[in-house]
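Enquirer: Residue strings, one per chain:
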Amino acid sequence: MRRNAVGLLLVTLGLLAGAGSARAHHSFAAEFDAQQPVTLKGVVVKWEMINPHGWITMDVSAADGKTTRWMIETSNPNGLMRLGWSKNSLKPGDEVTVEGYLAKDGSSTANAARITLADGTKVFAGSAGTPQ
Amino acid sequence: MKLTRTVDWRVVLGLGAAFLAGTGPLNPASAQPAPAAPSASNAALPRLPDGHPDLQGLWLKSGGGFQGLFIGSLEGTNFAAGGGRGGGPPTPQYEYTPGAAAERAYRQQHGYEDPEGRCHLPGVPRALDQPAGLYPVQIVQDENYVALLHEAMHDVRIIPTDNSKHPRNYSAWSGDSRGRWEGDTFVVDVSNFNGRTWLDMAGNFVDENEHVLERFSLTDPNTILYEATVTDPTVFVKPVAFRFTLKRVPAAQQILEYSCLEGERSRQHFTEEDGGTKRRVVR
Amino acid sequence: MSSTRVARHAVRSIVLAAVAATVAFTAVAQTAKDATSFSPGRLWDGKTPDFRGIWQARGSAYVNLEGHPGEKGIAASASIIVDPPDGKIPYRPEALARRDENYRARGTADPALKCYQAGVPRATYLGTPLQILQSPGNFAIAYQDNHAFRVFHTDDRPHFDAADWWMGDTRYRWEGDTLIADVVALTDQLWLDQAGNFHSTEFHVVERYRMTGPDALEYEARIEDPVVYSRPWTLRAVLQRVKQRGARIIEDECLDDENGVRHHVSPYDPRNLLKTDYSRWKKP
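Chains as they are written, first to last, in our numbering: chain A, 1 to 132; chain B, 133 to 415; chain C, 416 to 699.
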């Protein structure tokens with residue numbers, strides 16, 4: 001049952017991404033660079049389920065021990081909420097890995113295409129236009 | 133497994149059951165008795181005491197087979213059955229006047245100027261013409277008005293049915309709406325637009341001369357057929373027709389809040405080539 | 416026998432006085448009862464109280480719930496806080512310090528300045544009207560301010576509080592002719608007025624809506640937030656029906672000026688209208 005629930009979640013989100021039906025009131029391309037993928041592994045500081053995009057604040061530690069705070073943009077949270085996500089789905093201290101695309105302006109900002117939780121669950125959370 | 137705890141399978145099954153049972157506080161069939169219908173063919177439609185079809189409920193634009201994130205869609209799209217992409221609604225045909233055609237081409241290249249991207253109201257018919265399956269609209273109706281409460285941009289359109297006239301010296305993002313019933317069709321005349329809205333993200337647009345005639349028809353208790361004719365003599369050579377259906381959302385769902393201005397943080401990152409203030413940086 | 420006559424007279428006087436007092440008391444009681452037990456009209460189901468219409472608070476509590484002496488052409492207001500009796504919000508000491516900081520920064524820090532929605536309960540006592548939309552089984556309020564709206568859901572289902580919202584999540588029931596609404600899921604970014612009164616995400620409001628006359632809607636909000644306040648408190652405002660023929664909630668959108676400052680621009684304001692300039696496509 002548990003595995004099926006996750007399966008439904010992923011299929012649902014995947015269909016959403018594939019259908020291109022998620023509204024981007026702005027385009028992915030205006031903010032992010034599809035040619036600059038990034039993988040960030042870090043710790044959640046804050047998870048904000050706000051519109052038009054959710055935002056995860058996360059601290060990423062580099063090999064040299066330096067920590068950078070990243071802002072990760074997710075898709076519109078109303079759809080996520082209807083699938084059972086809440087503001088408690090990601091808690092401060094949770095370890096996550098974010099695969100996404102860098103913001104074009106050089107800031108520590110990325111669009112999350114995929115989020116992997118500490119237990120290995122993969123969740124697609126990107127906005128319309130996010131490459132698969 | 134945090135996510136599986138928050139995905140409640142009982143909700144999923146409940147949605148389907150609620151839909152099948154037709155129960156829930158927002159289902160008009162449970163709200164008031166239906167008086168005698170005027171003809172046999174639409175005798176099954178729920179009606180208000182004034183005899184008009186009851187358009188109330190939570191509705192979602194249908195995109196053909198895929199119903200987006202509303203599980204338990206009324207078109208029978210469910211993931212177990214493999215879903216269906218189906219055909220979407222017909223694409224509107226735009227025929228621009230020469231001056232407007234150049235303006236449209238410009239906007240198509242400057243999508244970041246879309247005021248909806250700055251959280252402005254989408255206008256008419258764009259507020260209803262949502263990407264299928266995403267943001268529903270709640271309809272509340274009595275003998276004096278039909279009110280549309282849109283999840284997207286928390287847009288509100290209260291349409292009076294009191295034979296009143298459009299105001300003068302009034303220009304608004306959503307224009308001014310006056311409704312009337314023609315038989316079982318709710319017809320809305322919308323004018324007094326302020327010329328600021330786009331029709332979509334691709335640069336199709338209208339100016340202050342926009343006028344819309346809408347028709348809402350409850351074709352069955354769970355389907356509203358929406359048709360709109362947009363005329364704008366300075367922009368279009370001939371009227372533009374919109375046509376799509378809205379499907380009733382299971383009663384267990386509710387409209388959610390979409391507060392755009394309050395949470396908008398993306399535009400600060402737009403680079404100059406996309407209308408922003410930031411320099412492009414390649415890392 | 417004069418003492419008996421005097422006694423009878425005295426008894427009669429006492430009885431008359433008692434009767435008069437009873438009549439007077441009854442009359443007073445009846446008047447008080449009328450004021451507090453106005454029976455509103457019903458929707459077409461014959462039972463749901465009919466609160467439909469356009470309503471607007473009078474007064475300027477929106478400036479400062481605790482009262483203020485008036486400023487810049489805005490009339491003074493007494494506190495609309497009815498409990499505690501001193502009319503002050505019972506802040507915890509550290510929260511009071513933060514409120515005072517907010518107050519000092521109110522010229523720039525008030526979320527309403529950015530055209531953000533006013534939230535609950537602030538949206539109720541703004542200077543702009545609201546419209547109550549009802550049909551059997553449906554209750555919603557459309558606020559003119561920033562075109563905010565709230566759909567009230569019957570309380571047979573638990574709150575949907577997955578996120579912190581600006582207009583909260585509302586579950587309601589009827590108790591007689593009073594609508595009681597339970598509101599949670601309000602963001603801590605909200606202010607309660609222009610004076611910097613605020614709350615945390617633990618904020619919880621129980622609203623009571625009751626018509627006290629054909630054109631008067633009494634609004635009471637019982638507020639608690641253990642993070643910010645040392646005890647619950649209550650505010651009360653009366654909304655008046657807007658009766659002008661053809662009165663409507665009008666569209667309320669903001670436009671940015673050249674400095675990026677947002678302003679509410681009415682549809683009746685010619686600046687709202689933007690005439691598309693096609694001349695830029697004319698070749699010289």
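Among the hints, erroneous ones may be present.
Far from chain B by the CB rule (all over 10 Å, computed), these chain A residues [unchecked claim]: (1) A34; (2) I50; (3) D59; (4) L102.
Which stretches of chain A does chain B cover? Using the computed rule of at least three CB atoms under 8 Å from a CB of chain B, they are [said to hold, decoys possible]: (5) 40-46; (6) 73-85; (7) 106-118.
Just so you know, these hints were derived from the structure itself, not from any lab. Since the model is a prediction, treat every value here as computed from it, not as a measurement. Note that beta-carbon positions come from the ideal geometry of N, C-alpha and C, so glycine has one too.
Enquirer: A34(A): least C-beta distance to chain B exceeds 10 Å?
Expert: The claim holds: A34(A) sits with its nearest Cβ about 13 Å from chain B, beyond 10 Å.
Enquirer: Closest CB-CB distance from L102(A) to chain B, is it above 10 Å?
Expert: For L102(A), whose nearest Cβ neighbour in chain B is about 6 Å away, the distance does not exceed 10 Å, so it is violated.
Enquirer: Taking the shortest Cβ-to-Cβ distance between I50(A) and chain B, state whether it exceeds 10 Å.
Expert: violated, 3 Å
Enquirer: Taking 8 Å as the Cβ threshold, is the statement that the stretch 40-46 of chain A is covered by chain B upheld or broken by the three-residue rule?
Expert: It is violated, with 0 qualifying residues against the three required.
Enquirer: With a cut-off of 8 Å between beta carbons, are at least three residues of the stretch 106-118 of chain A near chain B?
Expert: holds (count 4)
Enquirer: Using Cβ atoms and 10 Å as the threshold, tell me whether D59(A) really stays out of contact range of chain B.
Expert: holds, 18 Å
Enquirer: Between the stretch 73-85 of chain A and chain B, are there enough contacts, at least three residues with CB-CB distance under 8 Å, for the coverage claim to hold?
Expert: Coverage by chain B holds for the stretch 73-85 of chain A (9 residues, Cβ < 8 Å).
Hint violations for this structure: numbers 2, 4, 5, all remaining hints satisfied.
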